[in-house]
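One letter stands for each residue in the lines below.
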Amino acid sequence: MENNITAKLKALSFSSDNVKSINKFISSLNDEFISLEEMIKIINFLGDKGIQISKPSQIKVFANGFDYIKSMIENAEKIGHLDIYRQNPVFINSKEGIKRLKYLLNINEQIRNEKGKYLSIIFSKKAFDRKFGTAYLEEPKKDVIVQNNTLEEVKKEIKIEQPNPSPVSTLTKATDNKMEIKKETPTFKVVDIISQTKEKVVDTEEELINQILSSPQSIGIDDQGIERFEVLLSNLKHVLEVVYNTSEIDEIKRDSLLKLITNGYPDNEKILYYTIVYNKNITEEEKLKIKEAIKEELSMTNIMNFDMGSIGRAA
Amino acid sequence: MKFLEKLNFSKDDINELLDNTPDKYIEAIKDNKKLVTENLTYLKDLGVTNYQYIFLKFYDMFLMDNSNFISVFAKYEKEDLIEKLNKNINIVEYL
Numbered sequence: 001m002e003n004n005i006t007a008k009l010k011a012l013s014f015s016s017d018n019v020k021s022i023n024k025f026i027s028s029l030n031d032e033f034i035s036l037e038e039m040i041k042i043i044n045f046l047g048d049k050g051i052q053i054s055k056p057s058q059i060k061v062f063a064n065g066f067d068y069i070k071s072m073i074e075n076a077e078k079i080g081h082l083d084i085y086r087q088n089p090v091f092i093n094s095k096e097g098i099k100r101l102k103y104l105l106n107i108n109e110q111i112r113n114e115k116g117k118y119l120s121i122i123f124s125k126k127a128f129d130r131k132f133g134t135a136y137l138e139e140p141k142k143d144v145i146v147q148n149n150t151l152e153e154v155k156k157e158i159k160i161e162q163p164n165p166s167p168v169s170t171l172t173k174a175t176d177n178k179m180e181i182k183k184e185t186p187t188f189k190v191v192d193i194i195s196q197t198k199e200k201v202v203d204t205e206e207e208l209i210n211q212i213l214s215s216p217q218s219i220g221i222d223d224q225g226i227e228r229f230e231v232l233l234s235n236l237k238h239v240l241e242v243v244y245n246t247s248e249i250d251e252i253k254r255d256s257l258l259k260l261i262t263n264g265y266p267d268n269e270k271i272l273y274y275t276i277v278y279n280k281n282i283t284e285e286e287k288l289k290i291k292e293a294i295k296e297e298l299s300m301t302n303i304m305n306f307d308m309g310s311i312g313r314a315a
Numbered sequence: 001m002k003f004l005e006k007l008n009f010s011k012d013d014i015n016e017l018l019d020n021t022p023d024k025y026i027e028a029i030k031d032n033k034k035l036v037t038e039n040l041t042y043l044k045d046l047g048v049t050n051y052q053y054i055f056l057k058f059y060d061m062f063l064m065d066n067s068n069f070i071s072v073f074a075k076y077e078k079e080d081l082i083e084k085l086n087k088n089i090n091i092v093e094y095l
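Protein sequence lines correspond, in order, to chains C and R.
Everything in the first sequence is counted per our numbering, starting at 1 for the first residue and increasing by one.
Everything in the second sequence is counted per our numbering, starting at 1 for the first residue and increasing by one.
Keep in mind that the hints were calculated from the coordinates and are not lab data.
Any given hint could turn out to be false.
Claimed, not checked - Simulated crosslink set (DMTMM-like; lysine to aspartate or glutamate; CA at most 25 Å straight-line):
(1) Lys-57(R) <-> Asp-267(C)
(2) Lys-34(R) <-> Asp-31(C)
(3) Lys-55(C) <-> Glu-96(C)
(4) Lys-2(R) <-> Asp-129(C)
(5) Lys-99(C) <-> Asp-13(R)
(6) Lys-57(R) <-> Glu-251(C)
(7) Lys-117(C) <-> Glu-206(C)
(8) Lys-102(C) <-> Asp-12(R)
(9) Lys-95(C) <-> Asp-48(C)
(10) Lys-49(C) <-> Asp-23(R)
(11) Lys-126(C) <-> Glu-93(R)
(12) Lys-30(R) <-> Glu-284(C)
(13) Lys-30(R) <-> Asp-13(R)
(14) Lys-44(R) <-> Glu-83(R)
(15) Lys-95(C) <-> Asp-45(R)
(16) Lys-70(C) <-> Asp-31(C)
(17) Lys-57(R) <-> Glu-206(C)
(18) Lys-33(R) <-> Asp-12(R)
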């Protein structure tokens with residue numbers, strides 16, 4: 001059993017900081033919940049779908065077994081919302097969760113916040129039932145199936161017409177590692193960005209990211225986006241130092257980072273990864289090195305942000 | 001899951017748990033009622049007011065042996081830990 005847990009930990013390839021905190025959840029790796037073979041099968045399957053089990057508290061997902069997980073993924077894919085599991089892998093556990101999402105789509109309710117993330121009410125049965133009742137548990141008359149992910153469907157989903165009321169800054173092209181920020185009245189809308197990036201159906205997440213990165217620059221960014229850019233820029237420098245012994249960031253990387261942030265892409269790990277590998281021929285070994293360095297960097301950032309030192313130690 | 005009602009879990013809380021939890025964990029929780037109760041009671045007695053939410057999100061943790069469970073929290077200064085947990089249960093991930 002001990003050997004199996006070691007092998008299971010290896011299969012998860014968590015960063016060293018995550019491995020330290022996994023002790024609390026180690027029982028989830030017992031054979032009574034998941035075998036090594038099935039766990040690897042699930043990891044590979046989810047990985048192909050762009051879904052990562054990246055935190056120790058998420059490993060309970062494996063206990064559902066491959067068949068259940070596959071059916072949940074297929075249900076989400078049918079309605080064009082596999083992203084919800086990328087945002088929150090533990091949501092796979094929810095037997096009724098996708099029904100709640102389908103229900104909101106059917107009644108044309110907002111499903112994402114202004115940052116493009118799925119609303120937390122979808123993830124909470126208690127909160128959802130209180131607000132919308134339990135009609136979603138009955139079979140809907142008509143399923144919303146996204147055929148071509150057209151602009152109209154996406155506009156209906158996101159329903160964001162007004163930009164952030166705070167002043168919007170437009171980033172001009174960076175020169176000499178300095179950003180010149182001009183303040184302008186808000187002009188961009190999320191739908192404009194979507195029309196630039198989703199002109200054709202994309203089959204994979206990688207295709208979507210490549211589409212974003214190959215689209216023209218000049219997309220507005222707000223103050224929060226700038227803050228996120230600065231943090232990720234610092235993360236990027238550290239990762240490049242580890243992998244390539246240099247913290248120099250070229251124009252392409254800077255632009256790629258900006259584009260992914262302004263398009264509201266939520267996954268920091270993937271933003272950093274695709275910023276580094278975009279348009280480059282990179283060996284599999286190098287890709288692995290990059291991924292490991294990113295995981296390590298982001299887990300350090302998480303721990304520093306959480307500031308465990310702020311919780312006083314017992315005498 | 002009636003034993004959870006004795007620990008001030010509402011029916012809605014229990015329904016939430018049943019929706020979000022793989023069947024194998026539901027069985028494990030039922031089979032280890034005494035252990036789960038011990039661990040929940042520890043947090044409740046410590047003064048953590050939102051222990052129900054911690055359980056709903058991190059139920060797998062409550063299957064830990066009680067002494068190991070206590071040791072996760074005991075290394076921190078009590079008042080500080082309670083204040084931080086009551087503000088944001090997600091810090092449990094990093095303890």
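Evaluated hints:
For the given pair, Lys-57(R) sits about 21 Å from Asp-267(C) by alpha-carbon distance, which is consistent with the 25 Å threshold. A threshold of 25 Å between alpha carbons decides the hint, and for Lys-34(R) with Asp-31(C) the separation of about 22 Å falls inside it, so the pair holds. For a cut-off of 25 Å, the pair hint linking Lys-55(C) to Glu-96(C) stands: about 23 Å separates their Cα positions. The suggested pairing of Lys-2(R) with Asp-129(C) holds, with an alpha-carbon distance near 21 Å, which does not exceed 25 Å.
Taking the CA atoms of Lys-99(C) and Asp-13(R), the gap is about 19 Å. The hint holds against a cut of 25 Å. The hinted pair formed by Lys-57(R) and Glu-251(C) fails the criterion: a straight-line CA distance of about 42 Å is larger than 25 Å. A threshold of 25 Å between alpha carbons decides the hint, and for Lys-117(C) with Glu-206(C) the separation of about 19 Å falls inside it, so the pair holds. With a C-alpha separation of about 21 Å, the suggested pairing of Lys-102(C) with Asp-12(R) holds against the 25 Å cut-off.
Straight-line distance between C-alpha atoms of Lys-95(C) and Asp-48(C) comes to about 22 Å, which keeps the hinted pair within the 25 Å bound. For the given pair, Lys-49(C) sits about 24 Å from Asp-23(R) by alpha-carbon distance, which is consistent with the 25 Å threshold. Between Lys-126(C) and Glu-93(R) the CA atoms are separated by roughly 23 Å; this keeps the pair inside 25 Å, and the hint holds. Of the supplied pair hints, the one linking Lys-30(R) and Glu-284(C) is violated, its CA atoms being roughly 45 Å apart against a limit of 25 Å.
Straight-line distance between C-alpha atoms of Lys-30(R) and Asp-13(R) comes to about 16 Å, which keeps the hinted pair within the 25 Å bound. Simply put, Lys-44(R) and Glu-83(R) have alpha-carbon atoms about 13 Å apart, close enough for the 25 Å limit, and the pair holds. For the hint linking Lys-95(C) to Asp-45(R), the alpha-carbon distance of about 33 Å lies beyond 25 Å, and the restraint is violated. Using a Cα cut-off of 25 Å, the hinted pair Lys-70(C) and Asp-31(C) holds, with the two alpha carbons roughly 20 Å apart.
Of the supplied pair hints, the one linking Lys-57(R) and Glu-206(C) is violated, its CA atoms being roughly 31 Å apart against a limit of 25 Å. Distance check on the hinted pair: Lys-33(R) and Asp-12(R) sit about 19 Å apart at the alpha-carbon level, within 25 Å; holds.
Comparing the model with each earlier hint shows violations of hints 6, 12, 15 and 17; every other hint is respected.
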